[in-house]
Amino acid sequence: MIENIELKRVLPQVFRGSEKEAPVKDSELWLRECVVFSRGSNYIIEAESGTGKSSLCAFIYGSRRDYDGQILFDGQDAAALSIDRWCELRRRSLAYLPQEMRLFPELTVMENVMIKNRLTDFRSGDEIRRLLSRLEIEGKADERAGRLSVGQQQRVAIIRALCQPFDFLLIDEPVSHLDARNNQAVASLIAEEAGRQGAAVIATSVGNKIRLEEFELMRL
Amino acid sequence: MPLPGQIPSLKMSNNTVWRLLRHNISAGQIAGYALASFVGLAIVLTAIQFYRDVSSVWNDDDSFISKDYLILSKRVEGVSGLFVRSSASAGDTRFSEQEIADIASQPWARKVGRFSSASFNVYAKVELGGSSMGSALFLESIPDEFFDVTPKDWTYEPGRSSYVPVILSKDYLSLYNFGFATSRGMPQVSEEVIGMVPLKLSLSGNGRQEWADARIVGFSSRLNTIAVPEEFMQWANKEFSETPAEAPSRLIVMLDRPGDPQVESYLEEHGYETAGDRADNGKAAFFLSVVTTVVIGVGLIISILAFFILMLSIYLLLQKNRTKIHDLMQLGYSPAQVSRHYHLIVIAVNAGVLLAALAVMLAASAWWGAPLRALGSEPASAWLTVGIGIGLMLLITLGNLAAITRTIRRSFYA
Numbered sequence: 099m100i101e102n103i104e105l106k107r108v109l110p111q112v113f114r115g116s117e118k119e120a121p122v123k124d125s126e127l128w129l130r131e132c133v134v135f136s137r138g139s140n141y142i143i144e145a146e147s148g149t150g151k152s153s154l155c156a157f158i159y160g161s162r163r164d165y166d167g168q169i170l171f172d173g174q175d176a177a178a179l180s181i182d183r184w185c186e187l188r189r190r191s192l193a194y195l196p197q198e199m200r201l202f203p204e205l206t207v208m209e210n211v212m213i214k215n216r217l218t219d220f221r222s223g224d225e226i227r228r229l230l231s232r233l234e235i236e237g238k239a240d241e242r243a244g245r246l247s248v249g250q251q252q253r254v255a256i257i258r259a260l261c262q263p264f265d266f267l268l269i270d271e272p273v274s275h276l277d278a279r280n281n282q283a284v285a286s287l288i289a290e291e292a293g294r295q296g297a298a299v300i301a302t303s304v305g306n307k308i309r310l311e312e313f314e315l316m317r318l
Numbered sequence: 023m024p025l026p027g028q029i030p031s032l033k034m035s036n037n038t039v040w041r042l043l044r045h046n047i048s049a050g051q052i053a054g055y056a057l058a059s060f061v062g063l064a065i066v067l068t069a070i071q072f073y074r075d076v077s078s079v080w081n082d083d084d085s086f087i088s089k090d091y092l093i094l095s096k097r098v099e100g101v102s103g104l105f106v107r108s109s110a111s112a113g114d115t116r117f118s119e120q121e122i123a124d125i126a127s128q129p130w131a132r133k134v135g136r137f138s139s140a141s142f143n144v145y146a147k148v149e150l151g152g153s154s155m156g157s158a159l160f161l162e163s164i165p166d167e168f169f170d171v172t173p174k175d176w177t178y179e180p181g182r183s184s185y186v187p188v189i190l191s192k193d194y195l196s197l198y199n200f201g202f203a204t205s206r207g208m209p210q211v212s213e214e215v216i217g218m219v220p221l222k223l224s225l226s227g228n229g230r231q232e233w234a235d236a237r238i239v240g241f242s243s244r245l246n247t248i249a250v251p252e253e254f255m256q257w258a259n260k261e262f263s264e265t266p267a268e269a270p271s272r273l274i275v276m277l278d279r280p281g282d283p284q285v286e287s288y289l290e291e292h293g294y295e296t297a298g299d300r301a302d303n304g305k306a307a308f309f310l311s312v313v314t315t316v317v318i319g320v321g322l323i324i325s326i327l328a329f330f331i332l333m334l335s336i337y338l339l340l341q342k343n344r345t346k347i348h349d350l351m352q353l354g355y356s357p358a359q360v361s362r363h364y365h366l367i368v369i370a371v372n373a374g375v376l377l378a379a380l381a382v383m384l385a386a387s388a389w390w391g392a393p394l395r396a397l398g399s400e401p402a403s404a405w406l407t408v409g410i411g412i413g414l415m416l417l418i419t420l421g422n423l424a425a426i427t428r429t430i431r432r433s434f435y436a
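So the protein sequences, as listed, match chains F and W.
Here my numbering runs 98 ahead of the position in the first sequence, where the first position is 1.
Here my numbering runs 22 ahead of the position in the second sequence, where the first position is 1.
Chain F with its partners taken away, still in its complex shape (with noise of 0.2 Å):
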């Protein structure tokens, strides 16, 4: 389990050199001496477009290392984690849904969501069809993910992300595709299953913030 996840002075490699510019000088999570995300809380990290949310995300997640600084989880530096280790992390303790969803596009939506369940055992079939009815996708079940729409999409990366236990759930532009009513529910989703597990949920936006009631604003 991790409690908390600390950053010292990160900052990503191809803002080297820009450090007294902007968005580097404004932000603050780049360079700053220590920012920590703990358990139990949620983040929402605001930014414009290129200021490097994604790459956050994917720094924390462990799929990319082209940062200076460091990044500890209680502690202990993250660029020292083996693989097998890191792998174990995205079953049991960091669940991430990336901005660009990475869904096998030639899966059907079960399928893609069962790809990852089957890892993690954390959910039975019924549940997970509660989850697609609750986000009203439950007809796409069998549908091939690659011939949804971007914002049905959304919703089917979101489910699968939330068939694992986890301590902290990376969300990059969740609700960037969805209108008012589907963030409502996917927000109360979140929160619910955030919640159950004490977990703390960070989620990036470019605008269209997930509608989380507490919360805590960062700008990047």
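Hint data in this document are derived by calculation from the structure and do not stem from the laboratory.
A portion of the hints provided could be inaccurate.
[Unchecked claim] Below, a sample of chain F positions facing chain W; criterion: calculated Cβ distance under 8 Å:
hint	residue
1	A156
2	R162
3	I181
4	R183
5	C185
6	R189
7	R200
8	F202
9	E209
10	M212
11	I213
12	K214
13	L217
14	V248
15	Q250
[Unchecked claim] Negatives, chain W to chain F, calculated, CB over 12 Å:
hint	residue
16	G181
17	P266
18	Y337
Using N, Cα and C, we set each Cβ at its ideal position, and we do this for glycine too.
Add chain W to chain F, keeping to what the hints say.
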């Protein structure tokens, strides 16, 4: 109402992963690899087995291709040997310790054995039905390991043994049977009959004389001499010789590689002679080993090329599927879980190739086995070749698997 995905059975999900990963697998490339690999491995294994089968022909001591032994002597020049009998000047035809050491240190010489000859007088007598025949004889001995025959009772303990065992050159028997006996109207005798003839040896010298019973216990086609056990020779030389043991004038050399051209040039250089024409037979063996080496080399090159074909198509496949592989690992699939599917294909294909190549090798071996048996030689066992095949394929497969794992681990980070 059950949904298809409702049962999270491992099988179904495994198939899902497999469906993703098998994308871009080219049956043509795999078939091309399998064919090339099969041809290469089949050539290597068949050549090895051929070499082993055929060389078993001259590992048979009695075979038409002589084994890798040389009997060396010095050339007898003019008539010097006729008049001089002192060890100092007759040193011409004897091998000094230095010369023996030099021969033993040659890369082609595995072992050197010395002929020790009797330095006392030997007279042999045969008594059959009251009449007796006799002749002066010479005796020699060499270390037991150089004999092509190992008759039982080939030991001698002074005072204990009831007779002295003798090994005779097969040539002598032929000489008697087909030369002497036929022209004189005397009976031809078999090896078995000769073995039953009681011999009496008169050993004399150093002012003493003694009779000893002897029996011919075997015939050698390698040695053209009358051989007795070394133990007997040492004892008899001590008892009856007037001079200290002399340096040997003949050597027997066990060769490392039959027909090695270095041997010939060495003998030429030092003016040594070899007995008979055995060295010529060795040339056939040498030629065979060269040809086999070339064929095995070609097979290995084909195998190596095939290995690279597979490596290339693996890299290509993994490159094409890189996004999927990366995404699976993003979900928490470990590199091992992803690699496993590709490992299974490689293992299956390589196992198939190995089995096919082994089948070809065994079939070929059976095909030339019949004529080999007709030459009186049993083909070698195929187990070593099978082992080599398994070993080679294991090596290739491990290389493939390691490459897959490495490439997939590299796709872990974006």
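A quick look at each hint next to the structure:
no.: 1; hint: A156; verdict: 7 Å, holds
no.: 2; hint: R162; verdict: 5 Å, holds
no.: 3; hint: I181; verdict: 5 Å, holds
no.: 4; hint: R183; verdict: 10 Å, violated
no.: 5; hint: C185; verdict: 4 Å, holds
no.: 6; hint: R189; verdict: 4 Å, holds
no.: 7; hint: R200; verdict: 5 Å, holds
no.: 8; hint: F202; verdict: 6 Å, holds
no.: 9; hint: E209; verdict: 5 Å, holds
no.: 10; hint: M212; verdict: 5 Å, holds
no.: 11; hint: I213; verdict: 5 Å, holds
no.: 12; hint: K214; verdict: 5 Å, holds
no.: 13; hint: L217; verdict: 5 Å, holds
no.: 14; hint: V248; verdict: 17 Å, violated
no.: 15; hint: Q250; verdict: 17 Å, violated
no.: 16; hint: G181; verdict: 78 Å, holds
no.: 17; hint: P266; verdict: 78 Å, holds
no.: 18; hint: Y337; verdict: 20 Å, holds
In summary, the numbered hints that this structure violates are 4, 14 and 15.
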